[in-house]
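Chemist: Protein chains in written order, with the numbering used here: chain A, 1 to 109; chain B, 1 to 109.
FYI, nobody ran anything at the bench for these hints, they're computed from the structure. What you are looking at is a predicted structure, and each value in this text was computed from that prediction instead of being measured. A portion of the hints provided could be inaccurate.
Claimed, not checked - What follows is a list of derived Cβ distance ranges for each label pair: (1) ILE74(B) / TYR34(A): 22 to 32 Å; (2) VAL47(A) / SER78(B): 22 to 32 Å; (3) GLN59(B) / ILE66(A): 19 to 29 Å; (4) ALA53(B) / ILE66(A): 53 to 63 Å.
What the hints assert, rightly or not - Over 10 Å on every C-beta distance to chain B, these chain A residues come out as not near it, computed from the model: (5) HIS25; (6) GLY68; (7) ALA77; (8) GLU101.
Unchecked claim - The calculated lysine-lysine pairs, modelled on DSSO-like cross-linking and capped at a C-alpha distance of 27 Å, are: (9) LYS5(A) / LYS11(B); (10) LYS37(B) / LYS93(B); (11) LYS37(B) / LYS65(A).
Think of the CB as a built atom: it goes at the ideal place given N, C-alpha and C, for glycine as much as any other residue.
Residue strings, one per chain:
2 protein chains.
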Amino acid sequence: MGATKSDLFTKQQNDIANMAKALAHPARIAILQYLVKKNACVCGDLVEELGLAQATTSQHLKELKIAGLIQGTIEGASVCYCINPKVWNQYHKILGTFFTEVQDIKSCC
Amino acid sequence: MGATKSDLFTKQQNDIANMAKALAHPARIAILQYLVKKNACVCGDLVEELGLAQATTSQHLKELKIAGLIQGTIEGASVCYCINPKVWNQYHKILGTFFTEVQDIKSCC
DNA sequence: AAGACTAATCGTAATATTGCGATACGATAA
DNA sequence: TTATCGTATCGCAATATTACGATTAGTCTT
């Protein structure tokens, strides 16, 4: 075992979990924050920014791309990344909804 | 290797990543939604609700407890769980802030 | 005390993630 | 063309996560 039994859960539950998984590494948070801070296409300087090896950085970028949170465009020799605002807002909305389900929670125990 | 190099990143980045990690499994999402839906102490019936083995369910509950999102009280023979509203709202706020950092994002690529 | 029930923990196996060196691949520069 | 630069991918090793049977520990009932 070790594989998540995703068939036991609803699509919505799997979706939320997968979104969380995309955010579940500080390097990916750092990448996203950096792209947000720049608020523009960022070409090339992500490896130096993170302090991880080039291969590792590339892998995190790939996961963020698969999650849809970022998009990359080939710009001559290098690649430019930026936030995908549409998916970003989707994440914001879905995770926000998940949390606002409990606005008036009772602390019972 | 295989261990996250958390020393490379800020406390805030590690915190967000750890929050996301707590949510990064559909079973834990299901547990939280169930507790939210009931909006009360839930004693015992979580194992049947999930469809996972008792040991597995207990492990997910433990992780949610470590993350602070839920709290359990021993109620006679069984244990009652409910949302910890304080931590829940913290999660809501911190993740919400993370996403609102990019309200007016430019889609450049 | 003995049995039944609930939940936590232990031990283990399967799978996933993280990290990086090496390599490959495409674009630009010489 | 050849060299160089930037990035993606491959292959591997280390660690983490997920899942569950078995056991343990506690409470309640009889």
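Chemist: Look at each hint and say if it fits the structure.
Modeler: Consistency of the hints with the structure:
1. The supplied range of 22 to 32 Å is broken by ILE74(B) and TYR34(A), whose beta-carbon atoms lie about 46 Å from each other.
2. At about 52 Å, the CB distance of VAL47(A) to SER78(B) disagrees with the hint of 22 to 32 Å.
3. For the pair GLN59(B) and ILE66(A), the beta carbons lie near 27 Å from each other, so the given range of 19 to 29 Å is met.
4. Taking the beta carbon of each, ALA53(B) and ILE66(A) are about 30 Å apart, not inside 53 to 63 Å as hinted.
5. At roughly 5 Å from the closest C-beta of chain B, the C-beta of HIS25(A) falls inside 10 Å, breaking its exclusion from the interface.
6. Under the 10 Å C-beta cut-off, the non-interface status given to GLY68(A) relative to chain B holds; the minimum distance is some 13 Å.
7. At roughly 16 Å, the least C-beta separation between ALA77(A) and chain B is larger than 10 Å, which holds for a residue marked as non-interface.
8. Listed as a non-interface residue, GLU101(A) fails to keep its Cβ farther than 10 Å from every Cβ of chain B; the least gap is roughly 5 Å.
9. For the hint linking LYS5(A) to LYS11(B), the alpha-carbon distance of about 32 Å lies beyond 27 Å, and the restraint is violated.
10. Simply put, LYS37(B) and LYS93(B) have alpha-carbon atoms about 21 Å apart, close enough for the 27 Å limit, and the pair holds.
11. For the hint linking LYS37(B) to LYS65(A), the alpha-carbon distance of about 33 Å lies beyond 27 Å, and the restraint is violated.
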